[in-house]
Structure formats: structure tokens, C-alpha cells
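2 protein chains.
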Amino acid sequence: MTSRREALRRLGLAGAAAILPRQLWALPLSSPLRINGERLNATLTKLSEFGRNPQGGVTRLAYSEADLHAREWTMSLVREAGLRTEIDAAGNIVGRRTGTDASRKPIVFGSHIDSVPEGGNYDGDLGSLAAIEVARTIEEHHVDTRHPLEVVIFQNEEGGVVGSRAWSGDLSEQDLANVTRSGKTIREGIAILGGDVSRLASVRRTPGAIAAYLELHIEQGAVLQETDTDIGVVTGIVGLNWWEVTIDGFANHAGTTPMDRRRDAMIAAAKFTLMVNRVVTSRPGRQVGTVGRIAAFPGAPNVIPGKVVLSLELRDLDAAVIASLYDEIVENAKKIGRENGTTFIFKATNANRPAPTDERLRVAIEASARELGLSTRRLPSGAGHDAQEMAHIGPAGMIFVPSVGGISHAPNEFTKPKDCVNGTNVLLQTVLRVDAELP
Amino acid sequence: MTSRREALRRLGLAGAAAILPRQLWALPLSSPLRINGERLNATLTKLSEFGRNPQGGVTRLAYSEADLHAREWTMSLVREAGLRTEIDAAGNIVGRRTGTDASRKPIVFGSHIDSVPEGGNYDGDLGSLAAIEVARTIEEHHVDTRHPLEVVIFQNEEGGVVGSRAWSGDLSEQDLANVTRSGKTIREGIAILGGDVSRLASVRRTPGAIAAYLELHIEQGAVLQETDTDIGVVTGIVGLNWWEVTIDGFANHAGTTPMDRRRDAMIAAAKFTLMVNRVVTSRPGRQVGTVGRIAAFPGAPNVIPGKVVLSLELRDLDAAVIASLYDEIVENAKKIGRENGTTFIFKATNANRPAPTDERLRVAIEASARELGLSTRRLPSGAGHDAQEMAHIGPAGMIFVPSVGGISHAPNEFTKPKDCVNGTNVLLQTVLRVDAELP
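The listed protein sequences derive, respectively, from chains A and B.
Here the first sequence is numbered in our numbering, starting from 1 and rising by one per residue.
Here the second sequence is numbered in our numbering, starting from 1 and rising by one per residue.
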């Protein structure tokens, strides 16, 4: 069942609402507005040509030639969708469509088209092209929305959600000086993209400046595929904390030092790694913990390591869970240290606070999927997205579609064409539903 | 109790043996010949000046300026001891003293004076200067020995017992091309030292070419100090085997991959490291096992390691023990792999066969120490020494003296002056005893 206002809007009959009998409005809508699936998938194929690797997938690093060419083509697509198109001061591509109510804040939807080195053809690309396709469908059907609509293609998501951080006001002078994977600083990159660092403050949006932000994305995990679910309703983007952990033992001759006289930092590191795994998995929930980097010193086969430096990463949707896991890990590390004469030092190196999505948007996504006959499942996003920054500005929602094999950031990243179409239709319906229901 | 022949030899009275009454020969020798302890320790201090580091200890890499200057000074010391001195074709310093029996093979004793980077003042230095002091004492007291005596200062022990491998015939063309820590190849190094690679075959000694080899060395471990023992009687130089172990898992996004869907090579590496420790310590004996080097790939805090490469080293005096430990480790690694979806590949990268010392020499060292009122303890050498190569040529024996704190290959490597003197006196007495007792 849909609201009468919404039903009519979908049919491009918003103006007729006043003259239709009430009972008609209450009827279920048998054929909601749909996007052009063939066109969507054709644009995905076309975008995959920019920065294509010989072995498949793309390397389309932010600020590279491939990025610039892809952006040029993407902007033309935004224009074809009938949107007023500009590059904002931060270098993001923004396409605007006026709403019927001048007092409303915009509904923003989009993603990014930059990639990691040897990345795939769906991460960011799908959400970007889906946003354009949704706007184009709305335009083609002459649907009036109360809210203005904004399609956004954020720049340099893979280098640390740079474009959306400019919007949330989280891009510091120091960030601008950071050298990105393409070899250019972010400051240089913004200029290359046609932005203007001197006017960066102009793109900042204060909390409440948007009606909602919606982003379609591939899951980058295997939960949807393994549970045979069409649509993931993202409960939030998990927070993450990184620590550099230094374990000090005593370096000594591996031949002359008996086993019971060693203060082996490698043994302590091994115990630590397994302990982190145990602590993280010993309570219910979707929290994850990873030791991804390790170095032993002096690092010779015939010397007992006197020092090991490793990375610890913890992620969860609830910052309190991360804090509690960390406390338990530190406590257990002390025990390991006492056992074999080593000491642990933890140095925090990075932190992203969790960004829960808006419950009203989750419900809207679920309702839209249901209407389209698609199954849904709620799940957190383990990866970072521009939506995490947008959640600080206004209500944010994310729609996931299945990643085959859960593979991402790799050439064989793949999402089936029908799932791309499903996700884009859910995005379209959710935009219309949000336009009807949210202030 | 000592033999009559031996007693008289020690007193420089070998010639008197025939005219002394038999009952006198059977008396215990109250005052065996002693080295000049003050002189020995003064030479140790002097040698420490060559390549001295600002923070203490020495960096006297083979073929470096410091090595060349130290060798020049050491050669002058060998000459002062009354020995015919030469640099052999392999670049070793050899000092010779004629024996009374022209048919006898030489008793060889010595060590090395090159060091590791930022090494100490006792590893090699003590054994070298002790050998010279022993020869000098014998010369000063006009003691005749049946066997010729040879003092040897082997070149580049720290770079892989290069000088003694030239003697045992184990120095290949490929070895000669290896670049050493001083930046020079071994071939270049031999020329720098005054050797002659084209005549390398001339230094080779076939098995049986020596009567015995004896080497005094610091323990480089803490067993003697902790058991309050004066003299270590080395049972052999342990063999060692190195493997490069590659663990293949599956690299994936640390945020989007749930804990129960990971094939984390780091977890497998941690289990492996602890398993090696458990296998090595779960049976009696002095075997040791070490994981000293590790690298995780791709090696980012936010990526589950898909590959880990680490080193495995096993040492024991018995090659069969090493083989059996290795088999048990491989078997257990397979289990770990099955548990978390990883595979282990073992690649042998280095092997030194164990070199047991000669039982007659162990007994001679023990008898000499006992006579000097010194306590002894049998123990293996966990570190490699030139003696391991010499054991392939003839009977080899090693005398250890305590290392304070077990520290070696470091500036704070230290052995007490009295222990240096004790060890050198044991070396002297053992040389004389071997001269008397061995063919």
C-alpha cells in the first residue's frame, strides 16, 4: 500500500491529487515507476573503459588522466539527465533539479567514480550511474518532487572520502597537503578537477542543510549472496580505530639462547594475534578485528626478535563496543607480556566514528523493495563510504546490492546486471518515498 | 694425576724423562705451566681499539680497514710469539712452530678477529689472542712438543666461516662471488687480505691432515654463568636448518569480511609460530626453534593478509632430531591449514650439518680444567664456529668461558678477565695434553 500523494507522484500525476476521489488513492500501486535497466547497464559498461586494466577492472585513481576523462563523460551524462550541472569548489560533480516547494532542503543521492589501484567496475560506479539514471527517469516522466534533487559524484572517495569531507567540513589544511596515490596532493587534485581551494568553505553544509542523503552501493561482502537476499538495508557505516602496537622483548642469538630463557617478541605477537581473534569473536555481534601488518626486528632467521610492530584494527557500528573490545585486548596483552617478559605499547593512529543510518530511511528502503517484490536484509557496512560523512549533515540511508563472491577492490569485482537494476529501482522509489514522507 | 711424559713436558723437562726415577713421574704436578694473564688481557684491550664504536664494542667487518689494521697488529703478535708467520692463500693468518717428531700432523688452535656490525670485544678475539698467548708461553718456556703447533686466525668467520671453509674445501666459486657485509665479494676480500684465490686449493686439508683442532671461545649464552661453571666443554656445534615458510590464505576487506568467513594468513602464521615453540619444547633436549623474520601481504591495517612469509630455524646437535622436529612441524602446519583454509609451503634455504667434538678432546679439556681447579660442564654450542669446519678435517674440541648475561654480538658482550685467563690456561694444558696423548 502506498500513500495517495506518493502514488500519484510516481505516475507523474501529482497535480491530479486534488481532483481524484479519496478511495482511489488508497489502492495499491500495481506498477511503480521504473528506471531504464538496459540504459543503466550500458553506462556501466561505458564507464569501465576509463582506466581499464589489461587484466580487467580499472585503475582510476583520483586526479589521474583516467579520472579526468571519466568525469568529463559522467558530467555529460548528468547534463543529458536534464540537471543543472557544476563542479563545486571541492571538485565534486553536482547536478541539480528544482523542487515544487522552495522551502525544502534537497534530497541528495550519488556516490563516486574514482577507484583503488586495480579496482573493479562496480564500487562507486554503480551508485553514481544509478543516481544519474534515477534523476533521468524522474525527468523523463516529468515527475514533480517537493524537494529539490541533487545528484552528486564525490571526488576521491578511495583516498579517504575527500569530497564528502569537504561538505561535512572535515577537510583540514593538513589533509589538503596529503599526497594521494596518484602522486598529487589533495590541494593539487582539487585544482586539477576544476575546484577552487580558496572557496572550499562555500561547499560546507551545516547539519540540517539536506533533507536526506541516499547512496546505492555494492555490498563488498558476501552476506547478501550467501543469504540469497536482493537488497541490503544498511544500518550504518561502522566506525574503525587503528592502533600501532609495539611489543618489546629482548633480541638474542637464536642458537645460544635456550627456549626457556627467551623474551621473544614474535611469540608475544603470535599470542596477541590469536587473542585479538578470540576476544572479537567471543561475543555476539558483527564486530571485526584484524592484524594486517607486522614487522619483526632485527628480522633475521637466526636472531630472536627483540621487537615486533603490528597493526590492530577494530570496527563496529557502536563506538562503545570498540572501546570495550580495546580495553579487553589491552588487559589480555598485559597478561601475555607478564608470561614471556615482553611489554606492549598501543598508539592510536586512526579513528572514524560510526555513522548509523536514519531509521526512517531504512524503513523507506524496505518499503520500496517490498513494493518491487525484492527481499531485504538489514546489515552494517564494514567499509567506509561518503554516506558516513553525509550522516553528519542530515539523515543518511544506504542501499546494498549483492557482490558475487563478496569480492571487491579487485578486477573480478562483479554484481549481476539484474541486481544493478533492482538496486537502482529501489533508489528511485526511495527518493520518491522520501520526497513524500520526509520534511 | 698426570702422565710422566706430560708432567715433564710441562716443566720444559721432556729431555729429562729418561733419567728420572719412575716413582717421581707418578706424582701429581702441583704447578702446571701457566700463561701470562696480564699480558693476555692487555692484548684484548689493545685489539679492541681496531674498529671501536663510539658507543663501545667494535665494528670490524671482514675486509674492512679496521679488519686490515687489526690483522697487521695481530700478525706482529704472532711473530713476537716466535712463530713462523704467513698469510695463506685463503687469507688466513697462520703461525707455525716445529715439533720434535717430523712424522706428526700439527695441533692447530685459534679463532677469528672479524666482528659483526656493532659487535663485542670477546667473540673470536679471545680465542685468537689466547692461541697466540699459549704459543708464546710454550716458546718462552722452551717446551718441546712432539707435534708441530699451528696458530690460526681464520678470516671472515662472521660472514659464514669463510677461512675455515677454505681449509675444509667447502668454499665454492659461487661463495667467492657472494657480497659480504663490508660490500666486497669474498673473492675481492681474499685479495685484500693478501691471499691468492688462484692457489686456494693449496690450503685445503684432507681428513686426517691435522692431529687436532682446539678453539677457546666465549659461550655467547648464559648457561655457564647461571650454573656458576668456570669452563664449558663443548659437545659439538649444533647443526641448523632454515626454511622459508609461505602461508597462502585469501586477502580481503577487513571491514566487510565477517570473522567466520576469513582465510587469514596472519592467524595461521600466529598459530604456526606458537606450534613451533610447543613442538620444540615438548621433548627433552637442548634443541631450539625460532621464527625470526615475518612479512604479511599486502600488509595494510585494513586488509586481511592473504599471504605471510616467515622464517623457520631449527638447531640441534643431532641431525635426526632436527629432521624429526621438522616432520612434526609440517604435520601440525597441515592441521592449521585445514582449520582456517590456508596452505603452507616449506622451502629449505640453508643447512649446516651438526659437528660433534671429539670425545678424547672433551676428556682432555675436562682433565686440564680439573687440574687447574676449575669446574666444568658439557654443553653444545648453539652458535656456529670455525671448529665446525675443522671437525671435518680431524678431531676438534672447543672450550667455552662464561659470557656475562649471555650477551653476544652486541657492544656490551663481556667476559671477566679471570675467565679469559682460566680459559687460556685450559687451552694451554689441553694442547700439551693432546700433544702427549693423541697420535
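One or more of the hints may lead you astray.
One copy or two, it doesn't matter: identical chains are merged, so the pair holds either way.
Straight-line distance between alpha carbons at most 30 Å, and here's what the computed BS3-like set of lysine-lysine pairs gives [what the hints assert, rightly or not]: (1) LYS184 <-> LYS334; (2) LYS184 <-> LYS46; (3) LYS307 <-> LYS335; (4) LYS347 <-> LYS184; (5) LYS307 <-> LYS347; (6) LYS418 <-> LYS46; (7) LYS334 <-> LYS307; (8) LYS347 <-> LYS416; (9) LYS46 <-> LYS416; (10) LYS335 <-> LYS347; (11) LYS334 <-> LYS347; (12) LYS418 <-> LYS334; (13) LYS105 <-> LYS307; (14) LYS334 <-> LYS105; (15) LYS335 <-> LYS418; (16) LYS46 <-> LYS307; (17) LYS418 <-> LYS347; (18) LYS105 <-> LYS335.
Derived by calculation from the structure, the hints in this document are not laboratory data.
Owing to the predicted nature of the structure, the values given are computational and were not obtained by experimental measurement.
Comparing the hints with the structure gives:
Neither within a single protomer nor between protomers do LYS184 and LYS334 lie at most 30 Å apart by alpha-carbon distance, with minima of 42 Å and 46 Å respectively. Taking identical chains as interchangeable, the C-alpha atoms of LYS184 and LYS46 lie at most 30 Å apart only when both belong to the same chain, with a minimum of 26 Å there against 57 Å between chains. Taking the shortest Cα distances, LYS307 and LYS335 sit within 30 Å of each other both inside one copy (17 Å) and across copies (29 Å). For the homomeric pair LYS347 and LYS184, the shortest alpha-carbon distance inside one copy (28 Å) is at most 30 Å, but the shortest distance between copies (41 Å) is not.
In this homomeric assembly, LYS307 and LYS347 come within 30 Å of each other (Cα to Cα) both inside a single copy, at 15 Å, and across copies, at 25 Å. In this homomeric assembly, LYS418 and LYS46 come within 30 Å of each other (Cα to Cα) only inside a single copy, at 17 Å, whereas the closest approach across copies is 83 Å. Proximity of LYS334 and LYS307 under a CA criterion of 30 Å is satisfied in both settings, with 16 Å inside one chain copy and 28 Å between copies. Taking identical chains as interchangeable, the C-alpha atoms of LYS347 and LYS416 are never at most 30 Å apart, the minima being 42 Å within one chain and 41 Å between chains.
For a Cα distance limit of 30 Å, the shortest separation of LYS46 from LYS416 inside one copy, 16 Å, qualifies, whereas the shortest one across copies, 78 Å, does not. Within a single copy, LYS335 and LYS347 get their C-alpha atoms as close as 18 Å, which meets the 30 Å cut-off; across copies the closest is 35 Å, which misses it. In this assembly of identical chains, LYS334 and LYS347 lie within 30 Å of each other by CA distance solely inside one copy; the values are 15 Å within and 35 Å between copies. With identical chains, the CA atoms of LYS418 and LYS334 are never at most 30 Å apart, being 52 Å at best within one copy and 41 Å at best between copies.
With identical chains, the CA atoms of LYS105 and LYS307 are never at most 30 Å apart, being 55 Å at best within one copy and 49 Å at best between copies. In this homomeric assembly, LYS334 and LYS105 never come within 30 Å of each other (Cα to Cα): the closest approach is 52 Å inside a single copy and 60 Å across copies. Taking the shortest Cα distances, LYS335 and LYS418 never come within 30 Å of each other, neither inside one copy (52 Å) nor across copies (41 Å). Proximity of LYS46 and LYS307 under a CA criterion of 30 Å is satisfied in neither setting, with 50 Å inside one chain copy and 34 Å between copies.
Taking the shortest Cα distances, LYS418 and LYS347 never come within 30 Å of each other, neither inside one copy (46 Å) nor across copies (47 Å). Taking CA atoms no more than 30 Å apart as the test, LYS105 paired with LYS335 passes in neither setting, with 54 Å inside one copy and 59 Å between copies.
Against the hints set out earlier in the document, violations occur for numbers 1, 8, 12, 13, 14, 15, 16, 17, 18.
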